[in-house]
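Here the protein sequences come in this chain order: A and B. Residue numbers for the first sequence follow this note's numbering, so the first one is 1 and each next one is one higher. Residue numbers for the second sequence follow this note's numbering, so the first one is 1 and each next one is one higher.
Since the hints were derived computationally from the structure, they do not count as laboratory data. All values derive from a computational prediction rather than experimental measurement. No residue lacks a Cβ here, since even glycine has one placed at the ideal position from N, Cα and C. Among the hints, erroneous ones may be present.
Which chain B residues face chain A? A few, computed with CB under 8 Å, are given here [as the list claims (entries may be wrong)]:
1. Leu19
2. Phe61
3. Phe66
4. Gly106
5. Gly108
6. Thr112
With a straight-line Cα cutoff of 30 Å, these simulated DSBU-like cross-link-like pairs (lysine-lysine) come out [to be verified]:
7. A:Lys68 x B:Lys7
8. A:Lys99 x A:Lys42
9. A:Lys42 x A:Lys56
10. A:Lys99 x A:Lys111
11. A:Lys68 x A:Lys56
12. B:Lys65 x A:Lys99
13. B:Lys7 x A:Lys99
14. A:Lys42 x A:Lys71
15. A:Lys42 x B:Lys65
16. A:Lys111 x A:Lys42
17. A:Lys99 x A:Lys71
18. B:Lys7 x B:Lys65
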Amino acid sequence: GESVGLHLPTLSVQEGDNSIINCAYSNSASDYFIWYKQESGKGPQFIIDIRSNMDKRQGQRVTVLLNKTVKHLSLQIAATQPGDSAVYFCAENLPIGGKLIFGQGTELSVKP
Amino acid sequence: SAVISQKPSRDICQRGTSLTIQCQVDSQVTMMFWYRQQPGQSLTLIATANQGSEATYESGFVIDKFPISRPNLTFSTLTVSNMSPEDSSIYLCSVEGQGNTEAFFGQGTRLTVV
């Protein structure tokens, strides 16, 4: 079936460095993409989203890039902090049914 | 944004029994979703629950195992029936935002079957 996959299952960075988490998606019809952060014992928390008619979107310390040509999504976190340590999931929205398909997740570990 | 409350937050159950998980939303929503997150893994959609109609199940999930109720626009339940240790997972309720925006999640129900 269709799936969303991540290139890096684990990522360890030094505090203050920038982090980049990557994601590949397979459904070219997907029109909306979301990055979630999940801390231990909690449900996924929305970070940032992007629609398919955009290439880049910036939030506070986070940027999402979308490359539709190669069906690639990335999340950039600037000046990574210990509080950023969590598992990050990308998700694609299938235009029919409104359901989200999640990638496998990347565990980000920030070393002080 | 929507505030979603799930109950129970965690439970330990005997195999062969059933557990019903409740999901309450603070606003009326058309679509509610139930996900399963197995240990160390990503989220997998179980079914979509719309008020006034039967839930729509994803491949690999069946109504007999995961019956769902959706009695109104703010509430849904998921039952995990005849549980086995393989059902040990986090079960998450989610709702779609307005205008096809981000989905909001409850804190999840951590189920352990012994």
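Hints and how they fare:
no. : hint               : verdict
1   : Leu19              : 18 Å, violated
2   : Phe61              : 13 Å, violated
3   : Phe66              : 16 Å, violated
4   : Gly106             : 5 Å, holds
5   : Gly108             : 5 Å, holds
6   : Thr112             : 14 Å, violated
7   : A:Lys68 x B:Lys7   : 39 Å, violated
8   : A:Lys99 x A:Lys42  : 21 Å, holds
9   : A:Lys42 x A:Lys56  : 28 Å, holds
10  : A:Lys99 x A:Lys111 : 35 Å, violated
11  : A:Lys68 x A:Lys56  : 11 Å, holds
12  : B:Lys65 x A:Lys99  : 21 Å, holds
13  : B:Lys7 x A:Lys99   : 23 Å, holds
14  : A:Lys42 x A:Lys71  : 29 Å, holds
15  : A:Lys42 x B:Lys65  : 25 Å, holds
16  : A:Lys111 x A:Lys42 : 22 Å, holds
17  : A:Lys99 x A:Lys71  : 18 Å, holds
18  : B:Lys7 x B:Lys65   : 19 Å, holds
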